[in-house]
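Visitor: When you get a sec, could you build the whole thing from the sequences and use the hints?
Line by line, the protein sequences are chains U and F.
Numbering-wise (our numbering), the first sequence opens with residue 2 and increments by one.
Numbering-wise (our numbering), the second sequence opens with residue 31 and increments by one.
If you are wondering where the hints come from, they were derived from the structure by calculation, not from laboratory data.
Heads up, none of these hints are tricks.
Subject to a maximum C-alpha distance of 25 Å in a straight line, what follows is the list of computed DSS-like cross-link-like pairs (lysine-lysine):
(1) Lys167(F) / Lys112(U)
(2) Lys55(F) / Lys79(F)
(3) Lys244(F) / Lys214(F)
(4) Lys167(F) / Lys79(F)
(5) Lys112(U) / Lys79(F)
(6) Lys128(F) / Lys167(F)
With the Cβ distance kept under 10 Å, some of the chain U side facing chain F (calculated, not the full set):
(7) Pro111
(8) Gly113
(9) Leu121
(10) Asp131
All values reported here derive from a predicted model rather than from experimental measurement.
Each residue gets a CB set at the ideal place from its N, CA and C atoms; glycine is no exception.
Spelled out, the chains give:
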Amino acid sequence: MENLASSIIYVGTGIAITLKLLLGGICIGIALGLLMSILRYNGVCRYFINGVISVVRGTPVILQLSFIYFTIPGIFGVKLTAIGAGIITFGLNSSAYVAEILRAGIESIPKGQFEAARTLEIPMVPMWRDIILPQVVRNILPAMVSEVIALLKETALIATIGGMDLMRRSQTLAAERFEYFMPLCIAGAYYYCLVLFIEFVGRKIERSEKYAKGI
Amino acid sequence: MLKVFDIRKQFNEIVVLDSVSFSVKKSDIVGLAGPSGGGKSTLLRCIQKLDTPDSGSIECNGRAGFMFQDFQLFPHLTVLENLTYAPSLKEKKQNCLKHARDMLKNLGIMSKANAYPRDLSGGQKQRVALARSLMIKPDILLCDEPTSGLDVATTTDVVTLLESVCEMGVTMVIASHDLDFLTKISDRIILLNGGKIVVDIQPQRLDNSVDYLKKYY
Numbered sequence: 002m003e004n005l006a007s008s009i010i011y012v013g014t015g016i017a018i019t020l021k022l023l024l025g026g027i028c029i030g031i032a033l034g035l036l037m038s039i040l041r042y043n044g045v046c047r048y049f050i051n052g053v054i055s056v057v058r059g060t061p062v063i064l065q066l067s068f069i070y071f072t073i074p075g076i077f078g079v080k081l082t083a084i085g086a087g088i089i090t091f092g093l094n095s096s097a098y099v100a101e102i103l104r105a106g107i108e109s110i111p112k113g114q115f116e117a118a119r120t121l122e123i124p125m126v127p128m129w130r131d132i133i134l135p136q137v138v139r140n141i142l143p144a145m146v147s148e149v150i151a152l153l154k155e156t157a158l159i160a161t162i163g164g165m166d167l168m169r170r171s172q173t174l175a176a177e178r179f180e181y182f183m184p185l186c187i188a189g190a191y192y193y194c195l196v197l198f199i200e201f202v203g204r205k206i207e208r209s210e211k212y213a214k215g216i
Numbered sequence: 031m032l033k034v035f036d037i038r039k040q041f042n043e044i045v046v047l048d049s050v051s052f053s054v055k056k057s058d059i060v061g062l063a064g065p066s067g068g069g070k071s072t073l074l075r076c077i078q079k080l081d082t083p084d085s086g087s088i089e090c091n092g093r094a095g096f097m098f099q100d101f102q103l104f105p106h107l108t109v110l111e112n113l114t115y116a117p118s119l120k121e122k123k124q125n126c127l128k129h130a131r132d133m134l135k136n137l138g139i140m141s142k143a144n145a146y147p148r149d150l151s152g153g154q155k156q157r158v159a160l161a162r163s164l165m166i167k168p169d170i171l172l173c174d175e176p177t178s179g180l181d182v183a184t185t186t187d188v189v190t191l192l193e194s195v196c197e198m199g200v201t202m203v204i205a206s207h208d209l210d211f212l213t214k215i216s217d218r219i220i221l222l223n224g225g226k227i228v229v230d231i232q233p234q235r236l237d238n239s240v241d242y243l244k245k246y247y
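Guide: Right under this line is the structure:
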């Protein structure tokens, strides 16, 4: 019993790193994804952005993580920790998916909404900020929740470059004790609880009056 | 007020507007009649600059308001917010709120001020769309099929509403396939068929203008 409690605490300590990777990744992902989806409307940038999205979506995350962790320090002469490399990788990877989600969300808004804004002489910035994006956000919320969940599970790949997250800690424990069942179940339970929490928050936002109203 | 000169508009191989010319005087109500695909909506969209004609010119003295066939209310904003959002970017919000409340009272939908568009009936959405397009104080109002999908009683209400708008001195161009409605409300009816103006009449001067217009369909 004492053994179980100490295992739960040991693996659970890794939650801080998992959350750091998740939050860092999703912040970069949303910021960069939004920027990419806006730049996509620019003729010249579109080809470049489409190329980046295609490469990011077309290669394994573990390859991207290894590439950034092992080659970037050599190329740019900077020191990169496993967590730093993880945040950059997961952020970049997520941005490609967020950009695609946003594109679908923007395209789901009827052309008439843009035209109505034009006929009411609403300038470009307020139109996007107050008329189009609030509708886009509501439309893409379920897809964004799925993206956050996918990203959370991808953070487990940090274990391959030595980041002491939930996954790595459960592997360390398993290697020390020559017993895999309990450490992996503990890590799995942590991940599952985090996913349930993200789903709960997503549902709360969807049901809140601001999002439930309209259409 | 409005001068349309020799405009032509083509979508791929299809000519939607062909040598269309007419002018509208201030405070006139002009009805645009004609079969579906006759070019009515495209003409309104060109006047509002939502579409650009391939050739010809459109001269509009003053601000144009537009009422969409499918209303295009902003679904995440309440009725009051739909009305006040655009004008409050330029004027004091308090003034816009007062103006919007007066407008809703006049249109008989004050009780729906805090409702969202999805909670409104077709007739109520129609009124909100009309009120919203009037909030920017247009000199000319362009209405695309304002009675489509409305029952007889609501259509009569729309006629009354549009007449009251006209009394405010707003010039109107109304596109509709409903000849009864157009002859009731318009000072002048222009019938478009195949992208060309085929009839330009003043319905009050004819005994049975509906039958007369039907011949050109």
